[in-house]
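Dock chain B against chain A, hints included.
Chain residues, written in single-letter form:
There are 2 protein chains.
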Amino acid sequence: MQFTSEQHLGSGVLEREFTLGEIPGTLWTPESAAPAPLILLGHPGGLHRMYPRLAARARQSAAEGFAAATIELPGSGDRPRSAAAEQARADLRRALEAGEPVDDEIVDRLVLPLVEKAVPEWQTTLDALLSLPEIGGPVGYSGGVMAIGIRLAVVEPRISAAVLFAGSFVPRAMFEEARQVTIPLHVLLQWDDEGNDRQQALDLFDAFGSKEKTLHANLGGHTGVPQFAGDAAAQFFTRHLS
Amino acid sequence: MQFTSEQHLGSGVLEREFTLGEIPGTLWTPESAAPAPLILLGHPGGLHRMYPRLAARARQSAAEGFAAATIELPGSGDRPRSAAAEQARADLRRALEAGEPVDDEIVDRLVLPLVEKAVPEWQTTLDALLSLPEIGGPVGYSGGVMAIGIRLAVVEPRISAAVLFAGSFVPRAMFEEARQVTIPLHVLLQWDDEGNDRQQALDLFDAFGSKEKTLHANLGGHTGVPQFAGDAAAQFFTRHLS
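Keeping their order, the protein sequence lines are chains A and B.
For the first sequence, the numbering used here gives the first residue as 1, with consecutive numbering after it.
For the second sequence, the numbering used here gives the first residue as 1, with consecutive numbering after it.
Next comes chain A alone, as it looks inside the complex (with noise of 0.2 angstroms):
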């Protein structure tokens, strides 16, 4: 893990750009407490477009004493794309510009190679994240792309806990999926999200296997979770991590 860049964000918040292998990414640590529990924040990819909304959860994070790391995701913003990838990408963007219902099968394009490339590279990741002695478990995953959530919930013993987004397509083979997990989750729903099928989210929620999980469904849009459904997942993560 290389730092290429480091930069005080105020509130007493440090950033750090690093690349692990062929990996960007960023971690952001609260200055005061060390070691920190870290929070994996996921995304649809894209880390320069990602950033304001990434760098507003690291540091809400941080507030409240935890560390929060973030990588690209494979094929997105500076790193190499796939043309099987960027082909499925044009598909669901052409069915969903149609108003047409997207197919699974365009969906299991798109998301399962990306969960197989994706999940070991966060693994990776939080190897060399653990190793900094400013960094101390428990570890959660908050965030986008559930498909990887799941799989990262599923395969990695690290991670105790987990707030999913629930706004983006997962493939059906998943849902099986789902019910191994067991870590106590935090599912949000944006209701009124246009891009995101709710039944297919509901149905998620009731697959998962976690004795403790709880879905908070809001008003608002994709981007427009309410400050307090944030701060509620902070809250989740303050009762499992510290």
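Rather than coming from a laboratory, the hints here were simulated on the basis of the structure.
By construction, the Cβ of each residue, glycine as well, lies at the ideal position given by its N, Cα and C atoms.
It is possible that some hints are incorrect.
Stated by the list, open to error - Quick list of simulated restraints, FRET-style, between CB atoms:
1. B:Gly230 x A:Gln227: 16 to 22 angstroms
2. A:Gly99 x B:Asp206: 16 to 22 angstroms
3. B:Lys211 x A:Pro35: 58 to 64 angstroms
4. B:Thr4 x A:Gln199: 47 to 53 angstroms
5. A:Leu112 x B:Asp206: 55 to 61 angstroms
6. B:Arg93 x A:Ala173: 25 to 31 angstroms
Coordinates of chain B only, in the frame set by chain A:
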């Protein structure tokens, strides 16, 4: 409003039983803060049976600086029974015990007259409570018999926010009424509550006309609302009534 008993619960909470005409009820006030905002505690009827849970909710409200009050429902507890309501209740119980779907007609017979009788009683109680020097505005409604909460939210402008517990049958005719609700809503749904129609609860949440509405779904059965979900509901009132 006649106070018939008075008890200091400790932690600075005063509990007083009252009667208002033929309506018995209980008022909890924080001894520190006056005048306090008020939360009306809804419940399915049977004040004595419900007392432990109501008192726990009232203590939590008092700790946040809120007064809380509840009244016995018409036809419940020690109040005179209605033959028609008893018949409807028996028909409902029979359908549930037989594992049959509950006829809309039974729900209408049970709930619509209850709403017609209970809502004016709540309003009369509100008149009396708001005339006490220790009670100020604003006012919230919290709890069950969702249909009563819906009607109150529509007809009673002094109620400015509501926590609704999705654990009771709501007449189909009231779904249209739900669209007229515009106050901030916080809806609690026990996801695996066998006595509750989950899809109906989701449809009802969808129908509410409020710009701010939040659904919190949790595991734990009808009476198993987790402590953190109660805390979140308390925070909702702190946001809207303080």
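Verification of the supplied hints:
1. Between Gly230 of chain B and Gln227 of chain A the C-beta distance comes to about 21 angstroms, which sits within the given range of 16 to 22 angstroms.
2. Taking 16 to 22 angstroms as the suggested C-beta distance range, the pair Gly99 of chain A and Asp206 of chain B conforms, at roughly 20 angstroms.
3. The hint said 58 to 64 angstroms for the Cβ distance between Lys211 of chain B and Pro35 of chain A, and at roughly 42 angstroms that hint is violated.
4. Checking the proposed 47 to 53 angstroms range against Thr4 of chain B and Gln199 of chain A shows it holds: the Cβ atoms sit about 51 angstroms from each other.
5. The beta-carbon spacing between Leu112 of chain A and Asp206 of chain B, approximately 31 angstroms, falls outside the hinted interval of 55 to 61 angstroms.
6. Hint check: Arg93 of chain B to Ala173 of chain A, Cβ distance near 43 angstroms, so the stated range 25 to 31 angstroms is violated.
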